[in-house]
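Q: Each chain is listed here by its residues.
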Amino acid sequence: MTTYLSNNWDTVLAALEQHIWLALLPVVIGFVVALPIGYLGVRFPWLYHPLVNVCGVLYSIPSLALFVFLPVLLGTKILSPLNIVVALIIYTVALLARTVADGLKAVDPLVVQSATAMGYRRFRRLTDVELPVALPVILAGLRVATVANISLVSVGALIGVGGLGQLFTRGFQLFYVEPIIVGIVLSVLLAGLADLVIVLLGRLITPWTRFQGAAS
Amino acid sequence: MNLSYLLDPSHWDFSDGSIPTLIVSHLWYVLLSLVIGTAIALPIGLWIGHTGRGSFLAINAGNAGRSLPTLGLLMLMVTLLGLGLTPVLIALTVLVIPPVLTSAYAGIRNLDHRVVDAAKGVGMRPWQVLTKVELPMALPVLMSGFRSAALQVVATATVAAAVGLNGLGRLLIDGLAVNDYSRVLAGAIVVAVLAVLLDLVLAQVQRWIVSPGLSKR
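Chains A and F, in that order, are what the protein sequence lines are. The first sequence stops at residue 216 when you use my numbering, and every number in between is there. The second sequence stops at residue 1217 when you use my numbering, and every number in between is there.
I should point out that these hints are in silico values taken from the structure, not numbers from a laboratory.
The list that follows gives simulated cross-link-like pairs (lysine to aspartate or glutamate, DMTMM-like), each with its CA atoms no further than 20 Å apart: (1) A:LYS77 with F:ASP1174; (2) A:LYS77 with F:ASP1180; (3) A:LYS105 with A:ASP128.
Assemble the whole structure, with the sequences as input and the hints as a guide.
A: Okay, structure coming up:
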């Protein structure tokens, strides 16, 4: 294992770097896209069920199919990393739009009414009251999306762009276990680390959740 | 959108490699891994939920399972065990276990504890509490975990084709290999439709097996 690592350090590092970009860029973009979509699902209640259904269908498209099919749809080259990024944005939005809607829906109506009574307009009430209150739910969804993305990127190796997944296909073709194990371990570690970062970030930006036990 | 491969009747007979035979093999992998995964995860999840011991495992199983790259696991298993159905089933089963385990645990843990106390109070044995009260009442949550596991496995079973097996991934991998995008599209559409249909079937099953008292009908 260590000989493999020391001999292929550059390859592994490059794969890891690509993996991080391919997984995390879609999370950020997907999150930004999902916020307004999720909000629409709450603002217009008749939109909620279609939204949930469309998200469910989008999420059931196999990643391999999406990776392969997007070049046809977007006119990108088959080996372009853009295909992976766009595909993962679609999954992230499918997962998060629903979570955002559910989180906003679960905000206590009394809280919303109090904010209205205090003079908050719709937009300020959303950004200053409803979104922060819904944050724990939304962050939970963000954790799922991030971890799922990190493990999904490797499927891209089947079409030539897959970060650590390339270590899988290489090991598979050479019938050689080391790169596969290195890839799996790094991928799991990366997911764990990203998850931890979101949890810590969540604690930082929602300090009131730590006092909930004392308050109620 | 080139639907020619999907709509060509010659791809819908029962010859080798036709869409129906690929659907059958795809569903076979899905069914086997769902059955094996549930057989492993359900008892553990129920036990953890019932006794409250090992909650840490149940809570973290979900995230740990999601972070394991299925393709890597599959290729590792093939490298270790050789080509065949077993490595595919192992990789897919690992996908089924976390959601089923976590939802079985959460379904029981989140029950109103007064109901469980009442069941003990009327003299039920622990086994009866589990099978007659906790399990039936946890079914809605459990089924939602099972359904998300099923959706995931239907979509992921396509990677079986990457290691030489059948299933609908054949259309994707072979289509890609010969630059036949209409075949790739056919594969994507059939898998997505299969996933939606399977979810509808499971939703119906859920309606049958969940007690009417719980679903408020």
